[in-house]
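2 protein chains.
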Amino acid sequence: MPEFLTLLSPDEARSLLFRHLPDLQSAAEKLETHLALERVTAAPVRSPHPLPEFPRSTVDGYAVHAGDTFGASDSLPAYLKVIGEVPMGDEAQFTLAPGEAAIIHTGGMLPEGANAVVMLENTQHVQREERKERGENNNSPGSCVRGRCALEIEVLRAVADGENTLRVGEDVTEGQIVIPAGARIRPAEIGGLMALGITHLRVATKPKVGIISSGDEIVHPESDPRPGQVRDINSYTLAALVTRAGGAPVLYGIVADKLAALKTLAARALTECDLVVITAGSSASARDMTAEAISSLGSPGVLVHGVNIRPGKPTILAVCDGKALIGLPGNPVSALVVAWLFVVPLIERLLGLPIDRPRTTLMAKLTINIPSQAGREDWVAVKLTPRLEQSGSEITGWLAEPVFAKSNLIFSLAAADGLLRIPPDATGLSAGEVVEVVLM
Amino acid sequence: MPEFLTLLSPDEARSLLFRHLPDLQSAAEKLETHLALERVTAAPVRSPHPLPEFPRSTVDGYAVHAGDTFGASDSLPAYLKVIGEVPMGDEAQFTLAPGEAAIIHTGGMLPEGANAVVMLENTQHVQREERKERGENNNSPGSCVRGRCALEIEVLRAVADGENTLRVGEDVTEGQIVIPAGARIRPAEIGGLMALGITHLRVATKPKVGIISSGDEIVHPESDPRPGQVRDINSYTLAALVTRAGGAPVLYGIVADKLAALKTLAARALTECDLVVITAGSSASARDMTAEAISSLGSPGVLVHGVNIRPGKPTILAVCDGKALIGLPGNPVSALVVAWLFVVPLIERLLGLPIDRPRTTLMAKLTINIPSQAGREDWVAVKLTPRLEQSGSEITGWLAEPVFAKSNLIFSLAAADGLLRIPPDATGLSAGEVVEVVLM
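Protein sequence lines correspond, in order, to chains C and Y.
Take 1 as the starting number for the first sequence in the working numbering and just add one per residue.
Take 1 as the starting number for the second sequence in the working numbering and just add one per residue.
Simulated from the structure, these hints should not be mistaken for lab results.
Since the structure is predicted, the reported quantities are computational estimates derived from the model, not experimental observations.
In this text, a Cβ means the ideal position worked out from N, Cα and C, and glycines have one as well.
Among the clues, some could well be false.
Ranges between beta-carbon positions, derived for each pair [claimed, not checked]:
1) C:Thr264 - Y:Gly175: 37 to 47 Å
2) C:Asp425 - Y:Pro98: 41 to 51 Å
3) C:Thr367 - Y:Thr271: 42 to 52 Å
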């Protein structure tokens, strides 16, 4: 076993790695907006025009001159003549004169002369009797304007200039940055881009992550293993993790524990990819060979050999001529945890995602004590079960039960819902403690 | 405006909808395991053979008879003869006799006659001097067994039967259900399946979700809108949401606010899809028309017209001949929030995902008071900013600031990180409260 005399914590190791990769940045490519879900913007997106592009009503009601409703109330309504209806999807073919109103629907374009909308529920049609009281009759010329036989309405509440409308540019103004660079495209961004007619978008190219599985005992999953052989797990768990993180996995297959073969394959992967991940054979000598192969590929070479973490201590972090190489332990669970701690952040950095963005977790109550060695960061797989309220129907919280398994078997991880971090300065966690679980 | 006299809460409305869809279940299809990430198993997966298939070492060291190490300690080591090395990926060509050991690497197959492994660090080579003291010399025939010139080791710690080994079937036994039905495939599941040589898998077919955008004012995003027209947002935000949830969106385009046209298109979508979503035109009359069209498509028809929620009150939930139809408000933000509350759970139900599975959120401190009407469930878009420790480098928590925008503009949602629920029984949330934010 190589001696790990002064092991860095995962955070320290990652910082050291990133300090040697100052200019990590994926290339960019143009994509149709509707295909850009989960991709990351390569440049800020500016609005080509204001939104909305025309003044719109936000309610169903009557477009009015706000001034015409001044002081209107239930007891002292304002009387307005309705000269027409604003069609949806078109501009009105009339202009409001003082004392006039027009029927308008939510989203309709304010007609010329209108600057506010009275909600339908704050109006009522003038009744025959009232109009008679006011000395009019239904067929009086006064209720017809410019050839249209108009309703008359009572406005029961005054509206202010702009009330119940959207001004031009109220959502976004022309030239405004509407999406910054390094933003992950969600449904809302796709909607905003479509609203602006931005149907193509520059996004970061998916970083190519080369994956090499090494080990004399490893065979392809389609194979029937002979005694002593096991099927390749790591190529596929890592490919899935890379895909999830927004990268493009490139599988280089299985290489035997032979230095020359490993060097050749790793060199090729390093040329073709943005980042290379090698899972070492599981023995100490195979791991040492991985470190030797990586060292030969460029400078500065191996930065970290061994991290103060469980699982995953025999991790290798290297930078060769500006590209990162990560040597992962051969154990599938260790490999997955370490990849999640080092490979995913590298992919996110390549994509341009900010490091300090919010991440979700689940709070759960721990069922048993978990001891941990002070100074070492532990990641423990846990299974979550719901805590139900007395009626048994509503979930009031979660219980986290560690999935302990000898030597981190792959199905112990498949049986787990998430991972729990025990920080280096802790000596364990206690039963009943509320802990933060990262779902896998 | 139609009157919503007795509006159901979102939870009540969803329960009512689900009660009318007792047999919701997507079809199944066969897929290559390495392509099944994020898909949902359609049937339980059973292990075709135990894992591991042979007894393996979990450490680097020496394969031994545990009994040969009985009582061994630093002061009283057990002496064993090393008769060979177990090759990685193959079975040993020898059998351990009493008093014998074999070099073995992590993952190596235990040789016949061995039942435990002593860790390398708990052994040492017998020194020339010691061997001399014991009256031997290095070339004595005693150190060579069956033609192999063997080392002799001191074992400094006793091992128990099975120690530092994996038994056959210790991870999974033959015939064991290793993944239940209705499980979302993660990297760990892919790894487990590959370990078992299961390279194909039955998963739930992606539910087809038909999406119809209605409204006289709506034009295709590629169009140059005339005054009064706006580009289609909802088709694309909903398609993205459906994709994220594991469904397959089918876009039926834009239909004008004409009853016959809407009926025809909705009927076609209902035939071709598992679930249909119609975003109504934004006016009250257009929404009523959507309800009328939906009612005509099958029984029992509209179950819910109006939900006690903001945004999203004018939501329509319907079941027509065993399939769900959801009428969403035309406002893009309302449509997205309501789709997330009703369409996503329907997709998950179709996929067979359990409802009570764990979900992650982010806890944040609210920056200002948010009032809310008692009895109504509110969903408020919030922007999250990190709270930094004094040195300014480490994030100690998050601040949630509501993104208030008139009429729920699409870019207010694009500017938000997540949604915050104000339950029906609350009259608001207070500044400083720690709230649970769902990331979008």
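Of the numbered hints stated earlier in the document, which are not met by this structure?
none
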